[in-house]
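In order, the protein sequences belong to chains X and B.
When we follow the numbering used here, the leftmost residue of the first sequence carries the number 1, and every step to the right adds one.
When we follow the numbering used here, the leftmost residue of the second sequence carries the number 1, and every step to the right adds one.
Watch out, some of these pointers could steer you wrong.
For identical chains, the list gives no copy identity; a pair is met inside one copy or between any two copies.
Said to hold, decoys possible - In silico DSS-like links for lysine-lysine, alpha-carbon gap of 27 Å or less:
| id | residue 1 | residue 2 |
| --- | --- | --- |
| 1 | 51 | 192 |
| 2 | 139 | 104 |
| 3 | 49 | 18 |
| 4 | 18 | 5 |
| 5 | 50 | 18 |
| 6 | 104 | 50 |
| 7 | 49 | 171 |
| 8 | 113 | 181 |
| 9 | 181 | 171 |
| 10 | 113 | 192 |
| 11 | 139 | 65 |
| 12 | 49 | 95 |
| 13 | 138 | 5 |
| 14 | 49 | 192 |
| 15 | 51 | 95 |
| 16 | 104 | 192 |
| 17 | 89 | 65 |
| 18 | 5 | 192 |
| 19 | 18 | 51 |
| 20 | 95 | 171 |
| 21 | 95 | 192 |
Calculated directly from the structure, the hints in this document are not laboratory data.
This is what each chain is made of:
2 protein chains.
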Amino acid sequence: MEFIKGSCESFVEVLASKAPVPGGGGASALVGAIGTALGNMVGSLTVGKKKYAAVEQDILALKEKADALQGELLALVARDAEVFEPLSKAYGLPKDTPEEQAEKTRVMEEALKAACQVPMEIMRACCRAIELHEEFAKKGAAIAISDVGCGVACCRAALMGASLNVFINTKSMTDRIYAEKANAEAHGMMDKYVPLADRIFEDVAARF
Amino acid sequence: MEFIKGSCESFVEVLASKAPVPGGGGASALVGAIGTALGNMVGSLTVGKKKYAAVEQDILALKEKADALQGELLALVARDAEVFEPLSKAYGLPKDTPEEQAEKTRVMEEALKAACQVPMEIMRACCRAIELHEEFAKKGAAIAISDVGCGVACCRAALMGASLNVFINTKSMTDRIYAEKANAEAHGMMDKYVPLADRIFEDVAARF
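Looking at chain X on its own, in the form it has when it is part of the complex (with noise of 0.2 Å):
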């Protein structure tokens, strides 16, 4: 399942099968990862700048914190993975009795939440890579500033992306509570850092 390993061809290709991983969920956090570098990225173009020495320690600062972003959200394209098979299974389970259509029930009720939970992650580290895109943005060299509007396009792509991928779990969850709580952390997210990152685009936008 180290679908990173592999080449950026082959990821590409075997996404566009019919093999059941990766999806959504696992691309999403690949974009996101993209999306974060791009950002790191303007800070390695402008560390060791003498023009840009007053916030080179801020912008080391950022960079530490993008460069575990990157490997989370790297991370997370296998976890995606991971918890997609169990899910996968639970729907072919018998459902013939109620005793089986009770257990059927309950193994699919803890595979949606484990499978709700690694989207929702992701979100979570494409929310910070948008507050750190905002700082580099400000800091960063100018020279490399359009590189910081690819990186938070790419940040927000895999936010939304991620989004529906939570829904889709919930959804089915007979767990009401649980899902209701979760679609509501996922639109609260979206509702303050999708905004957000189109600001940062347009204002990176407005120095063409």
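Assemble chain B onto chain X, guided by the hints.
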């Protein structure tokens, strides 16, 4: 320069570094390919299903187009790196004499035009990918429809990210007629396809 042959993990790592390539253009092309593959995957999960037999031929035709676009976008990752090198060299040319200045302007202009063409091609490919997602959303298997939403969000990000790489190059061109023509084409694509991508995403999200 064959970044797509390397691992996803190393692409993200090199992207985050101060290495001149890949940059925002190449990352946008890869994210566009990932987005296209997500739509394509929904097609793969639709083909061969009795329930969708009526649209099987349409889906096969869409998948063929998606395969071609994925390949184009993956090839554009390398193309973007190829055109960046001469531009990077041109920036370093001396301009101490009027002759050197004139030569630098000439070489820069040529390199800027080449460097602008690649993100423009990425944008054109993303527009076609967004059109494919519109069809996949209508005809694809309902069970995988969230992936159309993820895919179109990625193609939108790639389109917007690539546009910044058009604008950063046109900004420095002395041939303003060429530059304004390129800007107009890029703005035209954004004006039409960003709202279309949003509409497709919203239609998918409304199903949950």
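Enumerated hints in conflict with the structure, sorted upward: 1, 2, 13, 14, 16, 17, 18 and 21
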